[in-house]
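From first to last, the protein sequence lines are chains A and B. Heads up: the first sequence begins at 1 in our numbering, then just goes up one per residue. Heads up: the second sequence begins at 112 in our numbering, then just goes up one per residue.
For the record, the hints were derived by calculation from the structure and aren't laboratory data. This one's a predicted model, so the numbers in the text were calculated from it and none came from an experiment. Even for Gly, the Cβ is constructed at its ideal location relative to N, Cα and C. Take these hints with a grain of salt, some might be off.
[Stated by the list, open to error] To give a feel for the contact side, a few chain A residues facing chain B, derived at Cβ under 7 Å:
id, residue
1, 7
2, 43
3, 44
4, 47
5, 49
6, 52
7, 80
8, 98
9, 100
10, 103
11, 104
12, 109
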Amino acid sequence: SQTIHQWPATLVQPVGSPLSLECTVEGTSNPNLYWYRQAAGRGLQLLFYSVGIGQISSEVPQNLSASRPQDRQFILSSKKLLLSDSGFYLCAWSEAGNTIYFGEGSWLTVV
Amino acid sequence: GENVEQHPSTLSVQEGDSAVIKCTYSDSASNYFPWYKQELGKGPQLIIDIRSNVGEKKDQRIAVTLNKTAKHFSLHITETQPEDSAVYFCAASKSSARQLTFGSGTQLTVLP
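Kindly generate the complete structure, drawing on both the sequences and the hints.
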């Protein structure tokens, strides 16, 4: 069966510091991969999605970037964090079709 | 683009009662409607989904109904239990997961 792992689960970073959140999916090949941000425990905002290695599409302009160095690895990065980057970040995957499966999420607090 | 509205934003029910959450969508081309349950501090988990060629789908205490004409779909939870307490999200999409549009969520509280 397919599994998704996301880490770290929580982190506290100072303003201006870099960020790296990692996500891997197991049990599937060539999945579509996604990064979402969730603010205030409710709305899910799609940040990036990828249909293959090196193929990244951004849904919203922001201080973040994404990369997909391997088929089942997706990384969310920032060179310099802003206070407004604080939030709950979710990695997700899908195969051909519509169903999206989420990871457990990463809590980011920028101080 | 697609717009999904979800009601109510909060819902409290007594243990054993039923809970109903409703969503409406704007794009008549949408054909896939999943529901997710999110417990505090965790990622959303898919609990049930329905495609536009089906009007109703059940899985034990959970059911989803779809009215394509009216462009709305609902989640029904029967015999609610305290562990059903969570935030529930509806969503709609047409051709791909990338186009999945989420509702704003419903905080369900089941009172013992």
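task = Sort out which numbered hints this structure fails and list those numbers smallest first.
result = 1, 4, 6, 7 and 12
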